[in-house]
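Undergrad: Sequences and hints are given; from them, build the entire structure.
Chains A and B are the protein sequences, given in the same order.
Under full-length UniProt numbering, residues 1 to 265 are what the first sequence spells out, in order.
Under full-length UniProt numbering, residues 1 to 269 are what the second sequence spells out, in order.
These aren't lab readings, by the way, just hints derived from the structure by calculation.
One or more of the hints may lead you astray.
30 Å max Cα-Cα, derived DSSO-like pairs, lysine-lysine [to be verified]:
| no. | chain 1 | residue 1 | chain 2 | residue 2 |
| --- | --- | --- | --- | --- |
| 1 | B | K59 | A | K259 |
| 2 | A | K14 | A | K181 |
| 3 | B | K21 | A | K181 |
| 4 | A | K262 | B | K161 |
| 5 | A | K259 | B | K239 |
| 6 | A | K101 | A | K114 |
Remember, it's a predicted structure, so these values are computed and weren't measured experimentally.
Residue-level listing of the chains:
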Amino acid sequence: MAQILPPKPHEKKKRVRNWSIFVILAVIYVWAFKGVYDRSDWSIFNNLGEKFNRVIPKLFNPDWSQTEKVWEYIIETVFIAYAGTLIAAILAVPFGFWAAKNMVKSPIWNTLGKWVLILDRTFPELILAILFVITIGPGPFAGVLTIGLTAFGMLGKLYAEIIESIDMKVVEAMEANGANKMQILFYAIFPQVLPEFLSFALYRFEIDIRASTILGLVGAGGIGTLIVIAAANRNWEQLGLILLGIIVVVSVIDFASTKIRKRLV
Amino acid sequence: MTEKNNQQHSNVYSLYPRKLKLQISFVFLIVILFYFYSLNETGSDFLRLLFDFPVIINKLMTMFPPNWDYIPVAIDPLIETVQIAVVATTFSILICIPASLMAANTIVTNKFVYQTTRSILNILRTIPDILLATIFVSLFGIGIIPGILALTIFSLGLLAKLLSETIETIDTRQLDAIRSTGGNIFQVIWYGVVPQVLPQFISYGLYVFELNVRASLVLGFVGAGGIGSIIDTQLNFLKYQNVMAILIVLLVAVILIETVSNMLRRRVV
Chain A
1 MAQILPPKPH EKKKRVRNWS IFVILAVIYV WAFKGVYDRS DWSIFNNLGE
51 KFNRVIPKLF NPDWSQTEKV WEYIIETVFI AYAGTLIAAI LAVPFGFWAA
101 KNMVKSPIWN TLGKWVLILD RTFPELILAI LFVITIGPGP FAGVLTIGLT
151 AFGMLGKLYA EIIESIDMKV VEAMEANGAN KMQILFYAIF PQVLPEFLSF
201 ALYRFEIDIR ASTILGLVGA GGIGTLIVIA AANRNWEQLG LILLGIIVVV
251 SVIDFASTKI RKRLV
Chain B
1 MTEKNNQQHS NVYSLYPRKL KLQISFVFLI VILFYFYSLN ETGSDFLRLL
51 FDFPVIINKL MTMFPPNWDY IPVAIDPLIE TVQIAVVATT FSILICIPAS
101 LMAANTIVTN KFVYQTTRSI LNILRTIPDI LLATIFVSLF GIGIIPGILA
151 LTIFSLGLLA KLLSETIETI DTRQLDAIRS TGGNIFQVIW YGVVPQVLPQ
201 FISYGLYVFE LNVRASLVLG FVGAGGIGSI IDTQLNFLKY QNVMAILIVL
251 LVAVILIETV SNMLRRRVV
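TA: This is the structure we're talking about:
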């Protein structure tokens with residue numbers, strides 16, 4: 001049986017490539033694990049049981065008297081995410097058109113639009129949050145601006161992909177009939193892309209709720225503020241309530257958003 | 001003249017039925033109203049932004065020029081951040097393999113196991129990274145180990161979801177073929193599932209690594225290691241020029257990592 005099988009192909013190039021990938025990965029892993037090993041403070045594993053006993057029972061015993069306060073901050077987080085996402089969703093429309101191949105004639109101009117969106121996507125939220133907190137002062141407004149400016153990069157890219165996939169025959173037909181740019185935009189392009197635009201904006205809203213929880217670290221509002229305070233005061237009962245609140249609110253919003261998105265597209 | 005004609009036409013031959021138009025207008029009205037309400041609740045005032053523009057520019061200028069001498073101090077925490085991200089990504093990749101197999105209905109036929117794994121992963125994904133980091137720091141104390149644990153759990157939820165959804169879309173006839181020739185579950189997975197999902201798996205792994213580099217920025221603020229800790233201290237000392245220097249180093253590192261990772265992902269898939 002074994003004799004009639006053809007010989008296995010020996011591609012030297014592929015083997016060299018695989019080996020070099022393996023060596024590079026090994027070097028990275030040795031470097032990373034050694035670094036982490038050297039930096040770690042292994043003494044934290046001493047009397048772990050005692051620490052767990054001190055924290056875990058309180059974490060699962062939420063302090064219900066704080067409900068109102070926690071709710072207030074969670075709602076603020078949702079508001080920040082909502083306002084920020086809507087700003088991003090609107091801001092992303094012109095950028096989406098700019099970065100769509102079939103809407104811009106000059107390829108250089110088009111590539112430039114794509115680069116602007118890529119640059120925006122690489123910006124971590126926290127960096128922008130710090131800049132906004134320093135310039136316009138702490139508070140949820142800094143958070144709204146942060147979310148608005150970080151979310152439009154991803155939305156713009158997704159919008160551009162949707163616009164690139166539309167049926168251009170409709171646009172051509174309207175052009176042939178002498179329609180102007182505005183009419184083409186409203187009657188040929190928007191009906192084709194709006195459901196997907198909204199669906200992606202909703203999806204981004206789900207992401208932004210999670211993103212706006214960290215804004216409080218640098219004073220840009222939201223539930224993060226309360227998390228930091230609760231941890232600093234070792235108020236584990238309150239932290240437990242925050243954990244529960246976030247799980248419930250995020251689950252509900254995710255569920256609703258998924259339902260709406262299914263109906264939209 | 002032509003414009004007038006067109007307008008008349010658009011009134012006569014409307015693209016959509018009247019009811020749908022009303023519905024859409026109503027939804028948009030709610031969206032906009034809620035928008036203004038949330039602007040109000042968050043104290044957002046774009047006019048203030050416009051009027052205070054000189055003040056804002058002045059404040060921004062306190063961050064410039066960045067204190068370039070501070071950069072060498074920032075390099076070591078940055079390396080720590082990347083190392084934390086590598087280790088956390090590795091752990092979460094290792095754990096996510098069994099988790100995602102159990103959360104894919106093409107592999108697990110037992111409804112109970114499938115639903116339980118799914119629900120656990122769904123709950124895991126709702127917890128934001130900052131909360132996980134805070135909880136682990138409170139459990140273990142300050143250091144990079146709680147940071148690594150927090151990132152591992154955080155990326156596990158996402159990675160397992162992506163991978164299990166990919167496994168659910170694979171060609172099940174190949175699995176049946178292996179099963180019908182007497183292959184056990186491990187052979188089915190190794191010869192049937194792995195070849196079909198490996199490219200996506202690698203791509204997701206790289207993507208999660210990128211996310212982890214960003215997320216490990218958060219860790220430092222709650223005392224779980226990485227570059228966030230020095231940003232936090234410099235912010236508290238109001239040393240904005242130092243902060244700017246760190247941010248620039250960080251941005252360069254993030255762009256570098258994402259470019260390399262994107263290049264690799266495009267080649268893999």
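Undergrad: All the hints need checking, so say for each whether the structure fits it.
TA: Evaluation of the provided hints:
no.	hint	in the structure
1	K59(B) to K259(A)	violated (44 Å)
2	K14(A) to K181(A)	violated (52 Å)
3	K21(B) to K181(A)	holds (23 Å)
4	K262(A) to K161(B)	holds (18 Å)
5	K259(A) to K239(B)	violated (47 Å)
6	K101(A) to K114(A)	holds (10 Å)
Consistency with the previously given hints fails for numbers 1, 2 and 5, ordered from lowest to highest.
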